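So the sequences go chain by chain: A and B.
Just so we're aligned, residue 16 is where the first sequence starts under this note's numbering, counting upward by one.
Just so we're aligned, residue 52 is where the second sequence starts under this note's numbering, counting upward by one.
Hints were generated in silico from the structure; no laboratory data involved.
No experiment lies behind these values; they were computed from the predicted model shown.
Where hints are given, some of them may not hold.
[Claimed, not checked] What follows is a set of in silico ranges between Cβ atoms, one per label pair, in the way DEER data are often shown:
#: 1; chain 1: A; residue 1: Gly132; chain 2: B; residue 2: Ala238; range: 35 to 45 angstroms
#: 2; chain 1: A; residue 1: Phe93; chain 2: B; residue 2: Gln127; range: 42 to 52 angstroms
#: 3; chain 1: B; residue 1: Thr131; chain 2: A; residue 2: Arg70; range: 23 to 33 angstroms
#: 4; chain 1: B; residue 1: Lys134; chain 2: A; residue 2: Lys103; range: 42 to 52 angstroms
#: 5; chain 1: B; residue 1: Glu283; chain 2: A; residue 2: Pro69; range: 50 to 60 angstroms
#: 6; chain 1: A; residue 1: Glu134; chain 2: B; residue 2: Asp235; range: 36 to 46 angstroms
#: 7; chain 1: B; residue 1: Leu226; chain 2: A; residue 2: Leu160; range: 43 to 53 angstroms
#: 8; chain 1: B; residue 1: Thr131; chain 2: A; residue 2: Gly132; range: 46 to 56 angstroms
#: 9; chain 1: A; residue 1: Glu53; chain 2: B; residue 2: Leu301; range: 39 to 49 angstroms
#: 10; chain 1: B; residue 1: Gly64; chain 2: A; residue 2: Glu123; range: 50 to 60 angstroms
Cβ coordinates follow ideal geometry from the N, Cα and C atoms, glycine included.
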Amino acid sequence: MERTTMDLWVGIFAVAGAAALFGLALKVGNLTSSSVGETYTVTAAFENIGGLKPRAPVKSAGVVVGRVDNIQFDSKTFEANVTLKVDKRYPFPKDTFANIYTAGLLGEQYVGLEAGGDEQSLKDGDKISHTQDAVVLEKMISQFLYNKASEGDDSKKAE
Amino acid sequence: MLKRLAEMLRGMGHRIIDRVWRLGSGARFFLYTLIYSGESFRRIHLTIREIYFTGVMSLLIILVSAFFVGMVLALQGYNTLQKYGSSEAIGVLVALSLVRELGPVVTALLFAGRAGTAITAEIGLMKTTEQLSAMEMMAVSPIARVVAPRFWAGVVSMPLLAALFSMVGVLGGYLVAVPVIGVDNGAFWSQMQASVDFQADVVNGVIKSIVFGVACTMIALFEGFDAPPTAEGVSRATTRTVVNSSLAVLGLDFILTSFMIVT
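If we strip away everything but chain A, and leave its shape as in the complex, we get (with noise of 0.2 angstroms):
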């Protein structure tokens, strides 16, 4: 079969179609950063998780180390159980703190990990004892008014 130009065109465009299908998928799109290796599984339990979702990023003094995999209630605690998925490459001390963090003012949740001391590190399906919950914007507020009324409260008294 002779060949034609219009069959070099739509090799062109065709090859141009998947590397824009390519140049979405790495440099918009998160292809590279979301494939961890070998990961494994702990859990943690939270009495609030605030805004914190599925895939949500799980950092270590700032450097992304896993994915949160999986958010459920339990109803027997009342807690929620967060499962985390961490990279193989890094272990943890069996007392690592995990925390919700919020990047930024108003921005998305993550989960924290801050390496205890212990020698023994974590092992897949273990859980972290450790935590503290997100910190609830309107908590927050009404403590500080509290505290600002009884403050009040007390400079009355003392005149």
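Take the given structure of chain A and dock chain B to it, following the hints.
Okay, now just chain B, sitting in the frame of chain A:
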């Protein structure tokens, strides 16, 4: 009075039945196209030729409009975002709106106008000049020879065009945001990468564009094949192609989006 009312009802019923009839024959036409696809794949050069006419020839309009759409998105987005002090999020805005919505939808609308009308007019004229009947006389199925290659060409071209549209749009947005407005280059790309998900955004956009490709090409082919064999009939069929394709694309877009955003 009663007579006129009856006349009106009859007219309305006639129109509705006509629509349903056309829908049914359109579905049958679609089925035939799929059945005869195997036969047309054996002569792949026909499909490649049609990819040239529908895909490659549409490149110019698609790329130029993508570039401008991206630039406008960046300008408009910046205007609003800077009020909230988060002008770095402009990359996210441009990329998400292009990949999820504007890429597939605008490409499909342009595709219907550029390639769909050409298909309808061509097939309508083939029918008017009795080329299709001549093929049938020679025991060549016009669906295998004329319709199926155009159908597959459209289905292949649409996702490629939509991907190019999104990519060029992002580049256009980049050109306005980073060198012109002065948003930080690193923040532009890193925020974009942090919030555009491959599965949820890019793949869903591709799925959308494939569905739009099927819808647009099928409507164009059917309108052409079904056109009355007169000059007026062909011109009306061409108009209907644009109107119906656009409506189908926008309607399907709502349905697909509502399926995709469940979380």
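Original post:
So which hints don't hold here, by number, going up?
Top reply: Failing hints: none at all.
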